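Can you build the whole structure from these sequences, using the hints too?
Chains as they are written, first to last, in this note's numbering: chain A, 1 to 297; chain B, 1 to 372.
No lab work stands behind these hints: they were computed from the structure. For clarity, every value in this text was computed on a predicted model and none was experimentally measured.
In silico BS3-like pairs for lysine-lysine, Cα to Cα no more than 27 Å straight-line:
1. Lys198(A) / Lys96(B)
2. Lys362(B) / Lys220(B)
3. Lys22(B) / Lys220(B)
4. Lys362(B) / Lys22(B)
5. Lys101(A) / Lys92(B)
6. Lys92(B) / Lys198(A)
7. Lys198(A) / Lys101(A)
8. Lys72(A) / Lys234(A)
9. Lys103(B) / Lys198(A)
10. Lys226(B) / Lys30(B)
11. Lys314(B) / Lys172(B)
12. Lys220(B) / Lys30(B)
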Amino acid sequence: MSATALTSLRHDQRFRFALLTFPGALFVLVFLILPLLSIVVFSLWRTENYEIISDWNIENYKVILTTATYLKFLGRSVLMALAVSAICLVYAYPVAYLIAKHGGRFRLILILLTAAPFLTGVILRVTAIQHILGPIGLVNMALTTFGIEPIEVLMYSNIATAIGLVYLWIPFMILAIYLSLLNFDFELLEVAKVCGAKPWRAFIELTWPLNRMGTMIGIILVFVPTLAANVTPKFLGGVNGSLYGNILDHQFGATGTWALGSAMGVVLFVVSLVFIVIVWRSVNLRRSGFTGMESRQ
Amino acid sequence: MNNPVLRIDRVTKRFGAVQAVKGVSLDIDKGEFFAILGPSGSGKTTLLRIIAGLETPDVGTVHIADRDVTRLPPYERRIGMVFQDFLLFPHKTVSKNIAFPLKMQGVLATGQDEQVRWALDFVRLTEVADRYPHQLSGGQKQRVALARGLVARPEILLLDEPLANLDRELRKEMEVEVRRYQVELGIPFVYVTHNQEEALTMSDRIAVMDQGLFEQVGPKLEVYAKPANRFVASFVGSANRIVGSLVDVNGETASLDWDGEVLNVVRPNGAEKGDRVELFIKSERIRIDKPGDGESVNSTENRIRGRLLDIIFKGQYADYLVRLNNGAEIVVSDTPDISAVSRSDEVEVSWQVDAGDCFAVKGEATPQVSDN
Chain A
1 MSATALTSLR HDQRFRFALL TFPGALFVLV FLILPLLSIV VFSLWRTENY
51 EIISDWNIEN YKVILTTATY LKFLGRSVLM ALAVSAICLV YAYPVAYLIA
101 KHGGRFRLIL ILLTAAPFLT GVILRVTAIQ HILGPIGLVN MALTTFGIEP
151 IEVLMYSNIA TAIGLVYLWI PFMILAIYLS LLNFDFELLE VAKVCGAKPW
201 RAFIELTWPL NRMGTMIGII LVFVPTLAAN VTPKFLGGVN GSLYGNILDH
251 QFGATGTWAL GSAMGVVLFV VSLVFIVIVW RSVNLRRSGF TGMESRQ
Chain B
1 MNNPVLRIDR VTKRFGAVQA VKGVSLDIDK GEFFAILGPS GSGKTTLLRI
51 IAGLETPDVG TVHIADRDVT RLPPYERRIG MVFQDFLLFP HKTVSKNIAF
101 PLKMQGVLAT GQDEQVRWAL DFVRLTEVAD RYPHQLSGGQ KQRVALARGL
151 VARPEILLLD EPLANLDREL RKEMEVEVRR YQVELGIPFV YVTHNQEEAL
201 TMSDRIAVMD QGLFEQVGPK LEVYAKPANR FVASFVGSAN RIVGSLVDVN
251 GETASLDWDG EVLNVVRPNG AEKGDRVELF IKSERIRIDK PGDGESVNST
301 ENRIRGRLLD IIFKGQYADY LVRLNNGAEI VVSDTPDISA VSRSDEVEVS
351 WQVDAGDCFA VKGEATPQVS DN
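Here it is, written out as structure tokens:
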């Protein structure tokens with residue numbers, strides 16, 4: 001092939017590539033990058049009397065990083081996110097495993113059922129939980145009917161919030177682990193058994209490492225939204241159960257301190273990013289056995 | 001007293017409506033290379049999985065080295081197993097794959113290193129010890145799988161069609177290699193395959209399996225040369241199958257009418273005049289000549305004229321495809337230089353009467369099925 005023909009072919013491919021990626025790129029630019037950038041910009045300005053003034057400074061960040069309350073709420077949210085992720089992981093793994101391995105032809109239906117709560121909105125679901133856990137909720141009403149003291153921690157506390165968050169996000173964890181297990185060759189476990197591995201050893205040696213990628217995706221999918229949670233703690237956490245998301249929300253509502261709120265948003269974003277990087281570095285993509293990796297061949 | 005290493009006693013396994021294994025018994029001795037040969041769906045893999053403990057028999061027992069392991073899980077049986085799709089652990093290096101059984105069985109790290117080095121050397125893979133499975137060729141992968149199966153010195157090694165995924169040339173090489181492992185280690189190998197060539201090349205004894213039953217168990221030469229029934233005769237070796245009815249019986253011999261050609265055959269047990277029979281003659285037991293060359297016709301021989309349709313050259317031998325005068329086609333294997341016959345020549349094929357294996361066809365008329 002002549003040099004000019006090659007050049008025009010390359011040109012052609014580049015054109016097609018551009019054509020295919022353009023809509024997606026445009027969407028990401030308009031709805032993700034621009035809002036994020038504007039938040040970064042706002043976070044470096046200041047607000048006065050419900051008005052945002054373009055006056056470059058880093059005062060907002062200083063406030064967040066030196067005010068004990070903000071740090072306390074951030075810490076509480078990180079702890080909450082870690083705990084909820086851990087509970088979801090322990091709860092979701094056996095569910096995903098059973099469906100993937102023994103679900104047979106009902107696999108798809110079973111996995112779709114785990115997503116059934118999505119048929120209603122978040123607020124409705126959280127309200128439902130409230131009506132189960134709250135002071136006049138199903139659990140405590142039942143207890144008082146039988147003359148038993150109601151369980152205090154279920155009423156407007158961080159534990160109630162955690163229960164609500166686990167309920168909200170566990171489908172993502174189940175789905176991520178399930179999809180990973182779909183690609184997992186369960187026959188490897190038979191090999192391990194013949195080699196002398198008891199079932200739990202086979203899990204530690206094979207199932208866990210070979211599905212770590214899916215598991216980590218599940219953890220991230222639970223951790224990140226939990227870190228930013230505000231509706232759930234508002235409904236279930238009560239007055240003393242506020243999380244970082246609640247005070248962040250506050251800045252854009254009652255107090256109208258948009259610039260500070262933006263800075264808090266950026267901090268949230270950075271914390272999430274750091275977590276994702278830490279999790280991601282623990283996965284060896286090439287040997288994780290995940291879809292499309294050459295190790296499968 | 002020399003007890004068998006593996007003893008299977010009247011093992012039965014049913015999956016729903018399918019009875020995969022129907023009361024099979026078997027003893028395998030130390031140092032034996034035993035092949036279970038059968039078509040797919042014959043139950044051979046199920047039987048192997050029962051020996052491994054990956055399936056539990058509904059009825060019957062399995063003993064390995066004088067221990068009743070019928071109810072023991074695989075990890076307590078001290079066995080090795082090699083699978084068709086290699087099934088290496090993708091996230092572990094070759095060394096780590098091979099070390100896995102040692103690690104699981106609690107061998108100390110120093111002992112592990114030594115045994116892994118021995119196994120790597122044994123299967124000639126020392127130079128790829130640190131590679132990952134996806135960096136290996138098919139043959140190397142299968143060697144790793146074999147090393148992993150052998151490294152912990154199991155009582156018995158089970159092989160489930162281990163060479164089926166390799167190309168022909170590599171398979172030939174690995175057949176010799178696997179046989180060498182067995183001879184050097186002196187532990188019994190139980191080798192499941194649908195490939196009769198593999199079974200005949202490597203094993204000492206063969207069990208031919210069909211529909212959950214052993215059709216014949218015996219030394220490989222016996223299974224090859226003296227098939228016990230129609231199934232074995234058609235499945236082992238490449239045989240011409242001739243169907244006809246007996247027109248005359250006379251003591252040990254009988255005459256068979258094959259579309260107008262009358263052939264002398266060894267009389268099948270209990271067969272009478274008028275019975276339908278099948279005659280199997282392995283293609284290498286038939287000779288091909290120019291007409292009139294090897295005249296002297298006698299009753300210990302069958303001799304039919306025909307026309308040579310084609311010669312399929314195979315290297316060390318050739319297959320001669322002959323259309324006989326009764327319209328049937330027959331395959332003859334002979335030396336490739338069988339002088340001066342060429343396509344569409346008039347030829348004569350012949351074979352000794354006792355070279356063919358003749359069985360009565362039991363079916364519509366006599367419904368009982370032989371299961372020996």
